[in-house]
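Colleague: Each chain, letter by letter, is given below.
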Amino acid sequence: MDIYLLEAIINGVLLGGVLALLALGLNLIFGVIDVVWIAYADLVMCGMYLVYWLYAVLGLPLALAFAASIVFVAVLGVLVHLLIIAPILDSASINQLLATGGLLFFLQSFATLLFSTEFRNIGVRLPIISFAGIYISTARLLAFAMALVGAVALYSFLKRSFIGTAIRAIAQDRDIVGLMGVDQRTIYLVTSAIGGALAGLAACLLALQYDVHPFIGNTFGPLIFMICVLGGLGNMLGGFVAAFIISQIIAVGGYFSSTELSYVIAFASFIALMFVRPRGVFAR
Amino acid sequence: MLSLAAVSAGYGSFRALFNVSLEVPHGQAVGVIGPNGAGKTTLLRLISGLVPLDSGDIRFEGHPVGALSAHRLVERGIAHVPENRRLFPRLTVEDNLRIGAFIPPARRHFAEQLERIYQLFPRLKDRRKQFAGTLSGGEQQMCAIGRALMSRPKLLLMDEPSAGLAPLVVEQVFDLVRRIRAEGLTVLIVEQNVQQVLDVVDHAYLLEVGSIRLSGTSAELKGNDFIRKSYMGL
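Here the protein sequences line up with chains A and B, keeping their order.
Using the working numbering, the letters of the first sequence correspond one by one to residues 135 to 418.
Using the working numbering, the letters of the second sequence correspond one by one to residues 84 to 317.
Bound conformation, chain A alone (with noise of 0.2 Å):
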């Protein structure tokens, strides 16, 4: 096989990796509170200006400056929940659509203020692997292995704890679960703070590898959404895998074509599924 195309495959399966991150972050939102967050890729903006500021501004450790964006991020999530989701939970759901696409313009537009519309990089620089031939960052297989270790994390904590099994049953029957001494409250409370906690990690790795600039949600946020939808809005399992195929349509497309048009050739493979199977690739 073509050297050239083995690294494309392999740099497609990195890249998933981060998507397949946010897809579950996304999909666990809105399995369980029954909302989408138009403004997720903003918040991971949020978590990479973090870094950018303790990382390269301040001069903290890396490692700090990563934590911090996690937790920020984190609490991030639960504000979204308690000062825009929470008082209009009941209401149509393109009410909730609208209101946190109102967040993603404030996001945008306030960290233009704060930072202006410069591209930001924290300076960070690994080392470029080369095996057989084939050339691999560093950086992308930090991200990837990151990734990975966030979703076993993930999974684990839904299936063993009894948090983490409360918030999988609320997504089935949403009514009855308070007969299980479970407050509803509690759990959207803690779902938002996993989905934050998720886009705050995808926000360091996502900063070890792109320039931050306030308009970097935009180059994510519609493939999330593509992604989540093409696995099933809700179906964690489904968005992930949809990670992987979309980053490989992406990586090979590029290959055969130029990046531009890769993405081109994505959404358009995406359109076509859509009318083959509307309710995802893994709808049940």
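FYI, nobody ran anything at the bench for these hints, they're computed from the structure.
Quick reminder that beta carbons are idealized off the backbone N, C-alpha and C, glycines included.
A couple of the hints might just be wrong.
[Said to hold, decoys possible] The list that follows gives simulated cross-link-like pairs (lysine-lysine, DSSO-like), each with its CA atoms no further than 27 Å apart:
1) LYS293(A) <-> LYS212(B)
2) LYS208(B) <-> LYS237(B)
3) LYS208(B) <-> LYS293(A)
[As the list claims (entries may be wrong)] Beyond 12 Å from chain A on every Cβ pair, some chain B residues (computed):
4) SER104
5) LEU105
6) PRO108
7) ASP140
8) GLU195
9) GLU198
10) LYS208
11) SER219
12) VAL252
13) VAL253
14) GLU254
15) PHE257
16) GLY299
17) LYS312
[Claimed, not checked] Derived CB-CB ranges, DEER-like:
18) PRO250(B) <-> GLY236(A): 58 to 66 Å
19) GLU195(B) <-> PHE249(A): 53 to 61 Å
20) ASN229(A) <-> GLU166(B): 31 to 39 Å
21) SER104(B) <-> VAL286(A): 49 to 57 Å
22) LEU282(A) <-> PRO118(B): 54 to 62 Å
23) VAL398(A) <-> SER96(B): 53 to 61 Å
24) GLN255(B) <-> LEU371(A): 33 to 41 Å
25) ILE297(A) <-> ASP140(B): 31 to 39 Å
26) SER138(B) <-> LEU223(A): 24 to 32 Å
Chain A is fixed; fit chain B onto it per the hints.
Modeller: Below, chain B alone, put in the same frame as chain A:
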């Protein structure tokens, strides 16, 4: 243990219960019988906090509980086996039981309580890794009762436990109610299966269009002409 005094409740502007008073003494089994749409399910949903109280007073162990939300009532010791069982179909049997033990005091005794439930229902142990949605009707009812018992309640509310089950399984369910009672648990059971429920309970109330029409010991109700004619087909 549980007492309702002149309670009214409903959904929005629709009133389902009028001026209902009822007593469930400690350690007893009490039945509420009545036709479809009489308000039996609403009564249980009211007690466990799923339906708001419009007027009247609900007391549990002497304390007013009418304003508490559902999850608080579980913490007080009321468990509810809902109508149609309402298991989480795509959780395993064991996960359904685990969520029954969600409140912190129950979490601490999770392992031993799980063992107790598996002793009570060996079938559930065989099927513990299966999705609850794949169980038979009788097994689902066992799982729903087991899930309610996982919170280690003082009072168990049961909504039509025999509904939709084969006669032999109905027999098993009522046997189980006897055993649960024998262990000292207080039970309030709502049923359309009048004949069999009167064999199990100490005391019963007849609920019709949202009001208590009759009440008495199960022996009295079994001998009551109106009940015999209208509900037992005798």
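Colleague: Hint by hint, where does the structure go against what was stated? Just the numbers, ascending.
Modeller: Checked against the structure, no hint fails, so every one of them is satisfied.
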